[in-house]
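When you get a sec, could you build the whole thing from the sequences and use the hints?
Chains as they are written, first to last, in our numbering: chain C, 460 to 617; chain L, 6 to 435.
Using C-beta positions, here's what the derived DEER-type ranges look like:
hint	chain 1	residue 1	chain 2	residue 2	range
1	L	P359	C	M592	52 to 58 Å
2	L	V20	C	M498	19 to 25 Å
3	L	M321	C	S462	54 to 60 Å
4	L	Y25	C	N477	44 to 50 Å
5	C	L471	L	A58	44 to 50 Å
6	C	L471	L	A81	33 to 39 Å
7	C	L601	L	V37	46 to 52 Å
Stretches of chain C that chain L covers, calculated by requiring three or more beta carbons in the stretch to come under 8 Å of a beta carbon on chain L:
hint	segment
8	479 to 491
9	510 to 517
Subject to a maximum C-alpha distance of 30 Å in a straight line, what follows is the list of computed DSS-like cross-link-like pairs (lysine-lysine):
hint	chain 1	residue 1	chain 2	residue 2
10	L	K55	L	K331
11	L	K403	C	K615
12	L	K205	L	K374
13	C	K614	L	K399
14	L	K87	L	K55
15	L	K55	L	K83
16	L	K374	L	K55
17	C	K615	L	K399
18	L	K403	C	K614
What the hints contain is simulated information worked out from the structure, not anything from laboratory work. Backbone N, C-alpha and C fix where the C-beta goes; we use that ideal spot for every residue, glycine too.
As a plain string of letters, each chain reads:
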Amino acid sequence: MLSGIAILSGVLVITRKNPVHSALALILTLLCVAGLYLMLYAPFVAGVQIILYVGGIMVLFLFVIMLVNLERSEKEKQFNQQWLPGILAALGLGTLFVAIYIKGKNAFPMLPPALPEADNTQRVGVLLYSNYMFPFEIASLLLLVAIIGAVVMAKKRI
Amino acid sequence: MPSFITNYLDKTVQVTPGQYGSPFWALVYILVVFGGVSLAVVCMNWLERKILAHMQVRLGPMRVGPHGLLQPIADALKLILKEDIVPEGADSFVFLLAPVIILLAVFSVYCVIPFGPAHAITDMNIGILFMLGVSSLGVLGIVMAGWASNSHYPLIGALRSSAQMVSYEIAMGLAVVSAVLMTSLNDSGTGTLSMIDIVKAQNTQHIWFVFKFFPLGFVAFFIFAVAMVAETNRAPFDLPEAESELTAGFHTEYSGLRWSLFMLGEYAAMIAVSSIAITLWLGGWMRPFPNALSGSTWDLAFSLFPALTFFGLAGMTFYSTVRMPKHAFFRVQTIGLGAFGGVFALIGLILLVPPVRDRVQDVYWFIAKIALFLYLYIWYRGTFPRYRFDQLMKVGWKVLLPMGIGVLMLTGIVGLRTEIWEFLQRLVHV
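Pasting the structure below:
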């Protein structure tokens, strides 16, 4: 049911004419994805998904949408003439997914093993700071670069 | 009685209904919390007007009922009877949805607030993350309300509010992380994000986190206390609804019941963030000095507090009953006030009964701490002038955020001082 709502609101995101409605549908999609994480015994990821995407990024999205001129964009033609490449790309991605699903059926067991939900957060923390220390630090460095870049671009005189 | 009612009442059950897996009792708790919070909001409305009035040497509401006690009820009736207007040109779907989203976000937070070791709707192992996440959803409602109103004041109010909430959320998160870090500074080295376990960690470490590593805990608490006022859009950070500039900010265009939903959401959010602060730094449901002043005598002495509070309230009420003007016009009000005092005294008597006395303790101390915070909120509103918007942003980004990062790092360093010292010594010897 969660994935059904997610797909439905995902379709709403691209079909609504009003950008604010699209953003709200996108929020619903992200919430449903958080619910899916919860069902996969990953409460930490679900919580972070809600805080970062719904609480942070989507609020900034709405912020920007409200600042730009809405009346003009509503009257513009919604879709450009590239539906043929779009459909081809979607079909290609779909076949890829199906192929992976058929090939990888044995690689991933259908029912996830009943993971201990209680120490999920601790495990995420331990893994991040032991096995995946290097990628984690690279990601944080990337974010730092992005922040500095944003400041440099926004400030005219440093 | 059916077994699904009785089995949770077993004395050996020491967990919340959500953990016990009892939908019936979870529902009962949800209804109790919802009703209690709504009642608290009504009381808070009256108290705020009265206290603000007395701070400004006014009388406040005096007409409806003795000392204006029935004023909130009169207001609620008026709001329900008012017409629900959707302005022309407004996006009606989003306009009608916005207050519902705010209420939903605020009341979801109450799922994990621990009023006692077993008195919460449920306990999650990501409790504090859940709280931060869900309370950050409230800003969506504000943005939607401001945009959908199709009017200038609400739009500016919503823009201000979203900027303010996004920037203060970061400082708030850093303060919370430093408190969560403190839970992990024990022998096993594992911390917790669950609200109930955070309070238990303060019990086992024999200290409220506000006093731990003094002044580090206090500074983190201070950052949270400032950020939470900004987060709930209250004075002195009430720019999104600054009356003198924006009439009423994001809810200017709302009327009647929907307007009152916004008010309910705001006050419920105040109670929710206060209870986060209490859980993280002020020892949650624990009474003062649970370890230093332990033993049966002290337990008995502290368990008398709830009853004494209600007797005090009853005494105040009886005192003002006697002081009511002796005139036929006020006779009904005097009798009503006396009856109100009688109800307080009766509640006090019920709280003296030993089984009740033992059970309401945790809830009493938690609510007493919340009441302290709510008084602080009113006090701020009565005393501080409103910030300007650039000052607000400066405080958030240039003062609270660096302070938060510094406190977080210092907490880690102080918490691991022995390990770091040993490491340095080994470095020197090598």
